[in-house]
Structure formats: structure tokens, C-alpha cells
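Colleague: What follows is each chain in one-letter form.
2 protein chains.
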Amino acid sequence: MIVRTLDEITDTDADIKEPNWRSKRILLAKDGVGFSVHETTLYAGTVNDFWYANHIEAVFVFEGEGEVENKATGEVHQLRPGTIYVLNDHDKHQVRPKTDMKTVCVFNPPVTGREVHDENGVYPLITEND
Amino acid sequence: MIVRTLDEITDTDADIKEPNWRSKRILLAKDGVGFSVHETTLYAGTVNDFWYANHIEAVFVFEGEGEVENKATGEVHQLRPGTIYVLNDHDKHQVRPKTDMKTVCVFNPPVTGREVHDENGVYPLITEND
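Protein chains in written order, with our numbering: chain A, 1 to 130; chain B, 1 to 130.
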């Protein structure tokens with residue numbers, strides 16, 4: 001059994017701080033469970049273009065409000081506690097939090113923690129054997 | 001892109017109500033993302049023996065407090081918002097919420113929604129082809 005707290009992750013290498021968001025990676029590829037789990041806060045008033053060409057991501061909102069736009073269709077969905085959005089088709093999307101928005105994110109395949117967003121906002125595919 | 005809310009799931013077949021807990025299955029095997037996601041409330045004062053012989057489960061607590069005991073070792077871990085526990089070794093465990101405790105649960109392989117706990121508290125392994 002693995003037990004971890006966000007407090008343990010704060011200010012470690014698994015605590016990624018960007019101007020628009022902060023993501024604490026709680027479970028990573030090295031944990032060997034087939035997915036990764038991150039707790040991510042997106043800051044109020046930011047505009048975030050994301051695209052995961054190599055990963056499926058599910059995002060569950062548990063605090064705060066905002067909206068997500070599917071950039072292929074222009075469709076906008078409201079986000080509030082209890083909403084999930086899933087990039088099951090590697091959808092290019094824009095997330096616009098109205099307030100600070102706290103989410104739990106699940107990635108398949110699991111993120112290793114060594115990915116960085118490239119110029120297209122894409123996480124490259126890295127496996128634990130790389 | 002899939003977008004769902006807990007409100008849409010309330011009182012459907014994906015809203016499982018038990019005396020000790022209530023689980024809303026937001027993402028299931030049929031969604032084809034390789035994991036399932038449930039929002040589960042465990043009720044204050046209950047004692048819950050769980051064992052997933054066929055699944056790995058990660059549980060992120062976002063509201064409420066309690067504790068989880070690893071039944072193999074007797075070790076007890078405190079649970080509060082921001083704690084995750086992971087049954088990565090199919091660990092038999094007992095969950096004891098002190099208050100109503102809200103969690104996001106991720107299962108691999110994904111739950112189909114047709115599983116029921118058998119007499120050992122086990123979810124059988126069911127795939128979408130069964």
C-alpha cells in the first residue's frame with residue numbers, strides 16, 4: 001500500500017510551479033500502477049492551451065469554477081465541483097478558470113515526471129525505460 | 001472530449017448506494033480510456049473491509065477525515081484532504097471515516113459497472129467483452 005500526502009510533495013521535484021498553474025504529481029510511472037495522478041491548481045483568470053498528443057487525461061474538478069473549450073469544435077463546457085472532462089481523443093483544448101480551480105488529473109500512459117511541455121503544449125511520450 | 005457532471009449520474013445505474021457508502025461511477029470501461037473514475041462518499045462512523053483481488057485502486061481524499069488500516073501489517077494511516085492511498089499490491093484494508101469522507105477513486109483495469117462485491121469483498125474481473 002502506498003500512502004502519500006500533498007504536504008510531502010510540496011516543494012519537491014514533483015511539485016511543478018508554472019505562472020498559470022501548479023501541479024503536484026502524487027503518483028507517477030515509477031509507482032507501476034498503470035496511470036499517474038496529479039493534483040493541479042489552475043489560477044483564476046488564466047488562459048491555458050493544452051494538448052496531450054501522447055496521453056489520455058481525465059480531469060475531475062473538486063473546487064472552483066471555470067470553463068473548457070474544445071478547440072476543434074468551439075464548444076464550451078462549464079466547469080464546477082463535480083464536473084469531469086476527459087481528453088479521450090487527444091483533443092486540443094483551452095481551460096479558462098474563473099476562480100482558482102483545484103483538480104485531480106489522471107494520465108494514461110502514466111507521466112514519468114520528466115516531461116516538459118514543448119512549443120506545441122505537448123507532453124512527449126517518455127517511458128520508464130528511456 | 002467527454003464532459004460529465006455528478007448531477008447527471010445521480011440516481012442512474014451508475015449511482016451505487018450502499019449502507020456504508022455511495023459511489024458515482026463517472027468513467028467506466030466502456031469509455032475506453034484504460035481506467036475508471038468514481039466519486040465515492042464513505043459515511044462517518046462506518047467500518048469498511050475492502051479487497052480488490054483483480055484491480056489496482058488509487059483513492060484521493062478531497063473532503064473529510066478518517067483512517068485506513070493495512071490488514072496485512074496492522075499499520076494505520078490518517079486520511080484527510082490531500083491524502084492518497086493506493087492498493088497497488090491488492091492489499092486487504094479497512095477504511096474508517098471519522099466524518100463523511102469524499103474521495104476520487106481510480107481503478108485499473110477499469111470497472112465495467114457490472115461488478116458486485118462478493119462474499120470476500122472482492123470485485124470480480126469483468127471485461128467489456130464478457
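Calculated from the structure, these hints are not laboratory results. A portion of the hints provided could be inaccurate.
[Unchecked claim] Computed from the model, here is a short list of chain B residues facing chain A with C-beta under 8 Å:
no., residue
1, Trp21
2, Phe60
3, Val86
4, Asp91
Every residue, glycine too, gets a C-beta built ideally from N, C-alpha and C.
Colleague: Next, verify each hint and record whether it holds.
Modeller: Status of each hint after checking the structure:
no.	hint	result
1	Trp21	violated, 17 Å
2	Phe60	holds, 5 Å
3	Val86	holds, 4 Å
4	Asp91	holds, 5 Å
When the structure is compared with the earlier hints, a violation turns up for hint 1 alone.
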